[in-house]
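Enquirer: Residue numbering for the sequence shown follows my numbering, starting at 12 and increasing by one per position.
Careful, some of the hints might be misleading.
Keeping only pairs whose Cα atoms sit at most 30 angstroms apart, straight-line, the calculated DSSO-like set for lysine-lysine is [to be verified]: (1) Lys63 with Lys265; (2) Lys159 with Lys14; (3) Lys146 with Lys13; (4) Lys101 with Lys14; (5) Lys146 with Lys57; (6) Lys327 with Lys299; (7) Lys183 with Lys427; (8) Lys37 with Lys13; (9) Lys132 with Lys78; (10) Lys272 with Lys57; (11) Lys63 with Lys37; (12) Lys14 with Lys127; (13) Lys63 with Lys132; (14) Lys132 with Lys37; (15) Lys183 with Lys63; (16) Lys63 with Lys14; (17) Lys63 with Lys78; (18) Lys183 with Lys327; (19) Lys57 with Lys183; (20) Lys251 with Lys51; (21) Lys37 with Lys371; (22) Lys196 with Lys259; (23) Lys13 with Lys132; (24) Lys265 with Lys371.
Keep in mind that the hints were calculated from the coordinates and are not lab data.
In this text, all values refer to a predicted model and were calculated from it rather than measured experimentally.
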Amino acid sequence: MKKHFTVAVIGAGGRGSVYTELMHNKEEFTIVAACDVIPKKLENLKNIVDIKDEALFTDEEEFFREKRADVLVIATCDSDHVRQCVRAMKLGYDVLLEKPISDSREEIQELLAVQKETGRKVVVCHVLRYTLAIKKLEELIAEGVLGKLIAIDHLERVGFWHQAQAYVRIQKMYSDTQHPTILAKCCHDLDLIQHFAGARCKTVSSVGGLTHFRPENAPEGATQRCVDCPHIDTCCYSAKRVYIDMWKQRGCPKFSWPWYKVSLTNPNTEENLYEGIRNTVFGECVYKCGVETNPHVVDNQMVQMEFENGVRANLKMLFAAASGRRINFFGTEGEIVYDERVGTIEVRPYFKETEIFEIKTLNVQGWGHGGGDFGLIESLYSILTGEATDYTSLAESLESHLMGVAAEESRLDGGKAVLVHP
12 MKKHFTVAVI
22 GAGGRGSVYT
32 ELMHNKEEFT
42 IVAACDVIPK
52 KLENLKNIVD
62 IKDEALFTDE
72 EEFFREKRAD
82 VLVIATCDSD
92 HVRQCVRAMK
102 LGYDVLLEKP
112 ISDSREEIQE
122 LLAVQKETGR
132 KVVVCHVLRY
142 TLAIKKLEEL
152 IAEGVLGKLI
162 AIDHLERVGF
172 WHQAQAYVRI
182 QKMYSDTQHP
192 TILAKCCHDL
202 DLIQHFAGAR
212 CKTVSSVGGL
222 THFRPENAPE
232 GATQRCVDCP
242 HIDTCCYSAK
252 RVYIDMWKQR
262 GCPKFSWPWY
272 KVSLTNPNTE
282 ENLYEGIRNT
292 VFGECVYKCG
302 VETNPHVVDN
312 QMVQMEFENG
322 VRANLKMLFA
332 AASGRRINFF
342 GTEGEIVYDE
352 RVGTIEVRPY
362 FKETEIFEIK
372 TLNVQGWGHG
382 GGDFGLIESL
392 YSILTGEATD
402 YTSLAESLES
412 HLMGVAAEES
422 RLDGGKAVLV
432 HP
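Use the sequences and the hints to build the structure in full.
Expert: As structure tokens, this is what we get:
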């Protein structure tokens with residue numbers, strides 16, 4: 012008989028809800044319990060799957076009083092992940108763990124020790140690894156079109172309004188629970204670089220900072236809230252332009268990202284969104300949020316890495332007109348350019364014709380991260396049963412997290428080279 016898994020969820024926000032819906036659509040999983048400190052999020056989760064009221068919790072201690080399912084999805088704030096994952100493994104859960112996991116070397120070692128002690132599976136949500144586009148890159152590199160890989164040049168272009176939302180405004184709201192920007196935003200990118208490099212990282216150096224989103228750069232006469240500001244219709248980061256005008260331009264979606272961050276009311280309405288920008292951090296001036304006092308918030312960062320097998324890599328995180336990664340792979344016999352914004356994978360072998368693949372033909376439409384959310388949950392069952400290899404395991408994922416920790420140590424020390432494994 013085919014094995015069946017019951018699932019509990021802690022963290023019923025955007026990521027938790029996506030995983031819940033995807034698992035609810037698969038007969039191998041049944042969602043049986045959920046926990047979140049905000050009751051409205053639990054109410055919205057019940058619109059996706061009918062969980063009994065007695066299995067809904069707003070208190071973490073009560074939720075962890077006993078094991079409530081076979082698998083626990085952890086999709087809470089960054090700083091909660093390690094504590095909750097340790098508790099889950101000790102209770103006997105297998106875990107689907109949202110990233111970033113930790114910004115602490117000590118916590119990373121603790122997690123690995125508890126996993127070894129308990130023998131539980133921990134699948135980390137590096138969803139980009141599960142996209143067909145990334146799998147195509149793996150296939151091309153394995154075929155040898157590059158020859159020997161020499162270097163990786165990785166550009167992470169963050170949409171300007173996304174930068175303002177997730178890495179300025181939200182940083183004010185969750186300043187004590189968010190990890191440094193290089194991990195909060197670029198844990199995907201560090202994971203991909205380490206995966207493609209195919210070795211442990213030796214040294215990391217990094218520079219960067221908060222250059223733009225500072226009080227001295229606010230337009231003259233700017234107010235604390237966008238709704239009161241004379242620049243409400245002209246500022247690039249106006250909450251009205253981002254959360255009202257853009258919402259209308261995109262057909263007034265009922266309840267989708269990023270608008271569900273501004274208003275938890277489902278479905279969203281213009282009235283609810285205006286209420287959100289009047290009363291929440293999403294309506295505050297990006298220049299006056301106070302994030303300049305947090306040394307771990309940046310709006311640009313450059314990271315250089317050297318791996319034990321000789322591969323070298325650059326990572327550049329910048330806010331830009333439109334989002335989209337671009338990854339250049341340089342080898343002894345060819346070059347590959349993966350560009351999300353252009354929508355292509357270009358394969359340029361030396362003395363041979365260029366071959367171009369359209370990324371959109373490789374994506375699962377309708378799900379986030381280029382179909383990676385869908386791909387992760389599609390693979391999860393086989394990972395839990397042992398039929399498939401977990402290639403976003405805790406051990407592999409923590410290697411890229413150590414790279415992020417080293418990058419932040421280097422940046423705060425003026426760009427000094429830091430050993431990833433001192």
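Enquirer: Evaluate each hint against the coordinates.
Expert: Evaluated hints:
no.: 1; hint: Lys63 with Lys265; result: 25 angstroms, holds
no.: 2; hint: Lys159 with Lys14; result: 42 angstroms, violated
no.: 3; hint: Lys146 with Lys13; result: 28 angstroms, holds
no.: 4; hint: Lys101 with Lys14; result: 22 angstroms, holds
no.: 5; hint: Lys146 with Lys57; result: 34 angstroms, violated
no.: 6; hint: Lys327 with Lys299; result: 26 angstroms, holds
no.: 7; hint: Lys183 with Lys427; result: 28 angstroms, holds
no.: 8; hint: Lys37 with Lys13; result: 13 angstroms, holds
no.: 9; hint: Lys132 with Lys78; result: 15 angstroms, holds
no.: 10; hint: Lys272 with Lys57; result: 18 angstroms, holds
no.: 11; hint: Lys63 with Lys37; result: 19 angstroms, holds
no.: 12; hint: Lys14 with Lys127; result: 24 angstroms, holds
no.: 13; hint: Lys63 with Lys132; result: 27 angstroms, holds
no.: 14; hint: Lys132 with Lys37; result: 20 angstroms, holds
no.: 15; hint: Lys183 with Lys63; result: 34 angstroms, violated
no.: 16; hint: Lys63 with Lys14; result: 23 angstroms, holds
no.: 17; hint: Lys63 with Lys78; result: 16 angstroms, holds
no.: 18; hint: Lys183 with Lys327; result: 24 angstroms, holds
no.: 19; hint: Lys57 with Lys183; result: 29 angstroms, holds
no.: 20; hint: Lys251 with Lys51; result: 24 angstroms, holds
no.: 21; hint: Lys37 with Lys371; result: 24 angstroms, holds
no.: 22; hint: Lys196 with Lys259; result: 27 angstroms, holds
no.: 23; hint: Lys13 with Lys132; result: 19 angstroms, holds
no.: 24; hint: Lys265 with Lys371; result: 25 angstroms, holds
In summary, the structure is inconsistent with hints 2, 5, 15 from the numbered list given earlier, while agreeing with the others.
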